[in-house]
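Chains as they are written, first to last, in this note's numbering: chain R, 1 to 110; chain B, 1 to 246.
For the record, the hints were derived by calculation from the structure and aren't laboratory data.
Heads up, some of the hints might be wrong.
[As the list claims (entries may be wrong)] Computed, partial: chain R to chain B, Cβ under 8 Å:
#, residue
1, His20
2, Met21
3, His22
4, Ala25
5, Val26
6, His27
7, Tyr37
8, Asp40
9, Asp89
[Stated by the list, open to error] Some but not every residue of chain B turned toward chain R, in silico, with C-beta under 7 Å:
#, residue
10, Glu35
11, Ala39
12, Asn42
Just so it is clear, CB atoms sit at the ideal spot from N, CA and C, and this is done for glycine as well.
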Amino acid sequence: MDSQLKTFEVFHQSKRGEPHMHVGAVHAPDAELALHYARDQFARRLPCVSLWVVPSEQITATTPEEAEAWFDPAIDKSYREASGFPMRDIVKRAEDWKDGDKKQGGQVDL
Amino acid sequence: MNDAALISRLLALADDELILGQRNSEWTGHAPLLEEDIAFSNIAQDEIGHALVWYTILHEQLRQRHPDRLVFWREAHEFRNSTLVELPKGDWAFTIIRQYLFDEFEKARNAVLAQDVYQPIVDAVGKIAREEVYHLMHSRGWVQRLGDATDESHRRMQDALDDLWPPALGLFEPIEHDVEFSAQLDRIQRAWLDAVTPTLTRATLIISPDAAPIFGGRRGQHTAHLTLLLDEMQKVARSEAPDAVW
Numbered sequence: 001m002d003s004q005l006k007t008f009e010v011f012h013q014s015k016r017g018e019p020h021m022h023v024g025a026v027h028a029p030d031a032e033l034a035l036h037y038a039r040d041q042f043a044r045r046l047p048c049v050s051l052w053v054v055p056s057e058q059i060t061a062t063t064p065e066e067a068e069a070w071f072d073p074a075i076d077k078s079y080r081e082a083s084g085f086p087m088r089d090i091v092k093r094a095e096d097w098k099d100g101d102k103k104q105g106g107q108v109d110l
Numbered sequence: 001m002n003d004a005a006l007i008s009r010l011l012a013l014a015d016d017e018l019i020l021g022q023r024n025s026e027w028t029g030h031a032p033l034l035e036e037d038i039a040f041s042n043i044a045q046d047e048i049g050h051a052l053v054w055y056t057i058l059h060e061q062l063r064q065r066h067p068d069r070l071v072f073w074r075e076a077h078e079f080r081n082s083t084l085v086e087l088p089k090g091d092w093a094f095t096i097i098r099q100y101l102f103d104e105f106e107k108a109r110n111a112v113l114a115q116d117v118y119q120p121i122v123d124a125v126g127k128i129a130r131e132e133v134y135h136l137m138h139s140r141g142w143v144q145r146l147g148d149a150t151d152e153s154h155r156r157m158q159d160a161l162d163d164l165w166p167p168a169l170g171l172f173e174p175i176e177h178d179v180e181f182s183a184q185l186d187r188i189q190r191a192w193l194d195a196v197t198p199t200l201t202r203a204t205l206i207i208s209p210d211a212a213p214i215f216g217g218r219r220g221q222h223t224a225h226l227t228l229l230l231d232e233m234q235k236v237a238r239s240e241a242p243d244a245v246w
């Protein structure tokens, strides 16, 4: 018989509004005690406002072996990335347009 | 309110926490699970922290000796803890039952102390009660889990309760010189019984109906267990002169 208790993955929120981050796992007989243990192990030395514990078996995840098939496109699909639109330029043009419009009422090429 | 009553009361409060904290720290490195080792060491630290809160009031408000002197340089007969907390830690069932009975006692007692006329006690209870919520959740949770889990856990829990009930009743021993607080003990005990009885019963544990309380701790009458505990706890400090700077 396996004498190990089941594991729970621990997610920790350091400040309201921040996402919960995965910080590790604890062994526990049930979720209530898992939360208790998570506090002592993951909230003692870091600021914390919220903890989640999830039984590890409840998490469905991709495997490292699958990662290439799932996430690595066979052909170039860099058009999906947002890197073609430098934000700084856009913001500057919008600010210039705002000022220009007030003075001249002219058109602007975005 | 006279100083003798306050000093007596505060020593009882402080010594209970110190001795229980010391006993609980004996599980560090030996608890049944790694996570429980960490959790229980945390609880033991809290208790010693609470003891320090009480010793600090004694020192700063009531001109008693420095907390280090009170902790490391008093003899067994000068301590005012209850017998319950000085008993050896036993097995996990024993530790959990003792912890649970004490945590419910603290809750009932703190409710009364929160109404005290002496402001330093009221302020201290405010801080301490917050951590105690967590302690009680932990010990009560274990009572519920172990009371009826397996034949072995049930037997160990029942044996522990049989052994611990008489010293637990000793928690309600009157405090020397402190008539005012001692008068509240009946009320505290009733609140305590109202809390522990349903929890223990639901965990399928039986309370001994005719147990007699074990008194003496509040008057400095202790078992040999306290002497052994103090030998270990005070050994390092006493290896140097009392006024050594650490």
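Among the hints numbered above, which are violated by the structure, and what are their numbers in rising order? 1, 2, 3, 4 and 9
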